[in-house]
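The residues making up each chain are set out below.
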Amino acid sequence: MPGTADTSSPIWERLPNAPIDQDNRAFYEGWPVHELRVQKCADCSKWHMPPRTICPFCWSFNVVPTAVSGRGRVYLFIILSQGIESPGVTYPYPVVTIELEEQPALRFTSTMVDCALSDIKIDMPVELAWIDRSGVPFPAFRPRRGA
Amino acid sequence: MTHNRMKNEIAIIGIGSTGYSRSGGRTAKSLAAEAAVLAIRDAGVKREDIGAVVSAPGPGSWLLVPPGSTEMVATLRLPNITYFTDGNGVMVAPLMDAMNAIYAGLCDYALVFHYNFRSPFNSKLAAADPFRRNIKGYDTLPPETVKNAAAYAAWASRYIHDNNVKREQLARVAVNSRTNAVDNPLAAMRTPLTIEDYLKARMVRDPLSMLDMDLPVDGADAFVLTSAERARSAPYPRVLIHHASQGLCETAFDEDQLGSLAHHGQDVVVKQLWAKSERTLKDVDVAYLYEGFTFITLSWIEKLGWCAPGKAGRFLEEHWDAANNRLMIDGKIPVNTQGGMLSEGGTQGAGFVRDAVKQLRGTAGPHQVQGARTALLAVGGFFYNAQSMVLIRE
Numbered sequence: 208m209p210g211t212a213d214t215s216s217p218i219w220e221r222l223p224n225a226p227i228d229q230d231n232r233a234f235y236e237g238w239p240v241h242e243l244r245v246q247k248c249a250d251c252s253k254w255h256m257p258p259r260t261i262c263p264f265c266w267s268f269n270v271v272p273t274a275v276s277g278r279g280r281v282y283l284f285i286i287l288s289q290g291i292e293s294p295g296v297t298y299p300y301p302v303v304t305i306e307l308e309e310q311p312a313l314r315f316t317s318t319m320v321d322c323a324l325s326d327i328k329i330d331m332p333v334e335l336a337w338i339d340r341s342g343v344p345f346p347a348f349r350p351r352r353g354a
Numbered sequence: 217m218t219h220n221r222m223k224n225e226i227a228i229i230g231i232g233s234t235g236y237s238r239s240g241g242r243t244a245k246s247l248a249a250e251a252a253v254l255a256i257r258d259a260g261v262k263r264e265d266i267g268a269v270v271s272a273p274g275p276g277s278w279l280l281v282p283p284g285s286t287e288m289v290a291t292l293r294l295p296n297i298t299y300f301t302d303g304n305g306v307m308v309a310p311l312m313d314a315m316n317a318i319y320a321g322l323c324d325y326a327l328v329f330h331y332n333f334r335s336p337f338n339s340k341l342a343a344a345d346p347f348r349r350n351i352k353g354y355d356t357l358p359p360e361t362v363k364n365a366a367a368y369a370a371w372a373s374r375y376i377h378d379n380n381v382k383r384e385q386l387a388r389v390a391v392n393s394r395t396n397a398v399d400n401p402l403a404a405m406r407t408p409l410t411i412e413d414y415l416k417a418r419m420v421r422d423p424l425s426m427l428d429m430d431l432p433v434d435g436a437d438a439f440v441l442t443s444a445e446r447a448r449s450a451p452y453p454r455v456l457i458h459h460a461s462q463g464l465c466e467t468a469f470d471e472d473q474l475g476s477l478a479h480h481g482q483d484v485v486v487k488q489l490w491a492k493s494e495r496t497l498k499d500v501d502v503a504y505l506y507e508g509f510t511f512i513t514l515s516w517i518e519k520l521g522w523c524a525p526g527k528a529g530r531f532l533e534e535h536w537d538a539a540n541n542r543l544m545i546d547g548k549i550p551v552n553t554q555g556g557m558l559s560e561g562g563t564q565g566a567g568f569v570r571d572a573v574k575q576l577r578g579t580a581g582p583h584q585v586q587g588a589r590t591a592l593l594a595v596g597g598f599f600y601n602a603q604s605m606v607l608i609r610e
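Line by line, the protein sequences are chains A and B.
Residues in the first sequence are numbered consecutively from 208, following the working numbering.
Residues in the second sequence are numbered consecutively from 217, following the working numbering.
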């Protein structure tokens, strides 16, 4: 089950190992409320990842963390046979880079759930799936259901 | 962008290498000092002559273990330093720092040293070494990332998917390197390897196996550079830097945001290379095509213009010397003659530069290309480390 939507304590206390700073805190603060927030420029309307305070396309500082649909397609896909110890992670472990439907080459990297390793294919449609990581929701992906 | 004022103006006159191993027992400081002293002696210069020092800590030791340039100066008590800096860990870039310093008149002779030191993260033996217990790698990111090494496995998935690359084709890159490493005493991996062996290798980051990824090693290489004019009095035939370039694409280290494989750092490099170099693919006597990950070599072959995009897998099969278990482009251009990054050791191109200098001097040993005049070096991958160099003997 996804972690709790508790927002009473600061996100950097709930995610002590995450590289949170002023520039990306809104991204992590979206997790407890099940929002995958991506920076969107209010001037040129382009999205960018990872979160920065300046739009890399038009150099406006008028960027707004905005929830995306969570729909996209698998663009890159690896299976880690080994790796560092991390809560909730067992190897072999799939890592996918998803091309989000909001914009070409706007991508977010996470893992896949509800899908056998052998069924993960490049270009397959996926959607967000919030999973629990040490009591905090974590954005993963699963094969897209329906439209 | 097409200016190449430094063309043939700077020479590499000294080389020194500790060779590479996975057995440990020495610090990076010790290894780098040995390589530096070997290179200075090889160049036939004295400590008083060295005016510039550039360090290049290879990834794996990146920003993590000394020596930087100041530590090296103190270690060797170099008394006349007028320029020093700590450079990019990928080999062409710190050589460019030295070239710039010499060409600008900041010094007469420059020492550039590169070292690799296994972190506990990327080597079990290193993890068991009590003297490395406090080393933290740059590579201890969460699993759900495609940064650094994982970026290449991830983009390999796309490259293989888009171009229908077979593992038997990737195998050629790994087997070629091993074949060339077998009789190189500096190489870490010298046991012969076959395509069948490659196909049985354990997957590490599927679609790449342990034989698709360069080898974490300990060791160091160093170089002494000077002006082409001063190089006339050096002990060996002059090896001149005909061209050197770096390329960074606009998404840089945001690896998963790269637009596509159609344009990345290698494209930026190749555009400069063929605009500035007067020597072309037809002139190449020996080629060094970076294989920190096997599929990077395929990409270089395409970007350099040896074949059309997506066709490098087939190219490797067509240019395979089955009798000798190695690549031979057009039947005459050997590739990665010291054993590459995969078998000599993952040196971010340092081994390529040293071996190219030997080839042009005519001292490359069993893999010497007779009369070699032009060495093409295509170093690095797609994101922060794409570089090239053309080294020549007149």
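Worth double-checking, as some hints may not be accurate.
Claimed, not checked - Straight-line distance between alpha carbons at most 20 Å, and here's what the computed SDA-like set of lysine to any residue pairs gives:
| hint | chain 1 | residue 1 | chain 2 | residue 2 |
| --- | --- | --- | --- | --- |
| 1 | B | Lys363 | A | Glu242 |
| 2 | B | Lys363 | A | Val296 |
| 3 | B | Lys223 | B | His377 |
| 4 | A | Lys328 | B | His377 |
| 5 | A | Lys328 | B | Val420 |
| 6 | A | Lys328 | B | Lys223 |
| 7 | A | Lys328 | B | Arg448 |
| 8 | A | Lys253 | B | Gly475 |
In case anyone wonders, no lab produced these hints; they're calculated from the structure.
Quick rundown of the hints versus the structure:
1. At most 20 Å may separate the alpha-carbon atoms for a hinted pair to count; Lys363 (chain B) and Glu242 (chain A) exceed this at roughly 24 Å.
2. Of the pairs offered as hints, the one joining Lys363 (chain B) and Val296 (chain A) holds, with about 18 Å between alpha carbons and a cut-off of 20 Å not exceeded.
3. Distance check on the hinted pair: Lys223 (chain B) and His377 (chain B) sit about 40 Å apart at the alpha-carbon level, beyond 20 Å; violated.
4. The suggested pairing of Lys328 (chain A) with His377 (chain B) holds, with an alpha-carbon distance near 10 Å, which does not exceed 20 Å.
5. The suggested pairing of Lys328 (chain A) with Val420 (chain B) holds, with an alpha-carbon distance near 18 Å, which does not exceed 20 Å.
6. At roughly 48 Å between alpha-carbon atoms, Lys328 (chain A) and Lys223 (chain B) are farther apart than 20 Å, so this suggested pair is violated.
7. Our distance criterion of 20 Å between C-alpha atoms is broken by Lys328 (chain A) and Arg448 (chain B), whose separation comes to about 59 Å.
8. In summary, the hint linking Lys253 (chain A) to Gly475 (chain B) is supported, as the alpha carbons are separated by about 14 Å, within the 20 Å threshold.
When the structure is compared with the earlier hints, violations turn up for hints 1, 3, 6, 7 and for no others.
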